[in-house]
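**Student:** Residue numbering for the sequence shown follows the working numbering, beginning at 478 and increasing consecutively.
No wet-lab data here; the hints were simulated from the structure.
Just so it is clear, the structure is predicted and the values come from calculations on it, not from any experiment.
Nothing false has been slipped in among the hints.
Label-pair restraints from in silico Cβ distances: (1) TRP624 x GLY542: 38 to 44 Å; (2) LEU596 x SER619: 18 to 24 Å; (3) SER507 x GLU482: 21 to 27 Å; (4) LYS501 x TYR568: 24 to 30 Å; (5) LYS541 x GLU615: 18 to 24 Å; (6) GLU527 x PRO552: 30 to 36 Å.
Straight-line distance between alpha carbons at most 27 Å, and here's what the computed DSS-like set of lysine-lysine pairs gives: (7) LYS513 x LYS541; (8) LYS501 x LYS480; (9) LYS513 x LYS572.
Glycine included, every Cβ here is placed at the ideal spot set by N, Cα and C.
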Amino acid sequence: ADKLEGEMMDLQHGLAFTRPCVIKASTDYSVSAGSKVCVITAGCRQREGESRLSLVQRNVEIFKGIIPQLVKHSPNTLFLVVSNPVDVLTYVTWKLSGLPQARVFGSGTNLDSARFRFLLGEKLNLAPSNCHGWIVGEHGDSSVPVWSGVN
Numbered sequence: 478a479d480k481l482e483g484e485m486m487d488l489q490h491g492l493a494f495t496r497p498c499v500i501k502a503s504t505d506y507s508v509s510a511g512s513k514v515c516v517i518t519a520g521c522r523q524r525e526g527e528s529r530l531s532l533v534q535r536n537v538e539i540f541k542g543i544i545p546q547l548v549k550h551s552p553n554t555l556f557l558v559v560s561n562p563v564d565v566l567t568y569v570t571w572k573l574s575g576l577p578q579a580r581v582f583g584s585g586t587n588l589d590s591a592r593f594r595f596l597l598g599e600k601l602n603l604a605p606s607n608c609h610g611w612i613v614g615e616h617g618d619s620s621v622p623v624w625s626g627v628n
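Please model the entire structure based on the sequences and the hints provided.
**Tutor:** Have a look at this one:
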């Protein structure tokens, strides 16, 4: 329940960048039939002290089972990869899906930036949509805030 709630919050934080939409979560791939966008959050939990890059092999094995099923049920979908390490798994998704590059995206540091804006707004008592700031680098331990660009 906590994991599902956390994933839901991740998606909700990402709504700062888009219009409201219908979000479904399931392990039944047929639920995804006809989806315009499939958001991939599946993957192993990062162990304490483990780098995101050490998750690669374990999560690639999971993706080998997921991606072909999603393409089967939603061949015209766009993929948005959120699982870690996100940059590597976005590439893996593209390769496994056989879709054009333009239909496979990774969240990169967008979610970090949305969280950053949310926290700035919370601290300054402003709506997150009125706060602007970015996190750059690879999502995770190597990302950094661009404080000089905050307004």
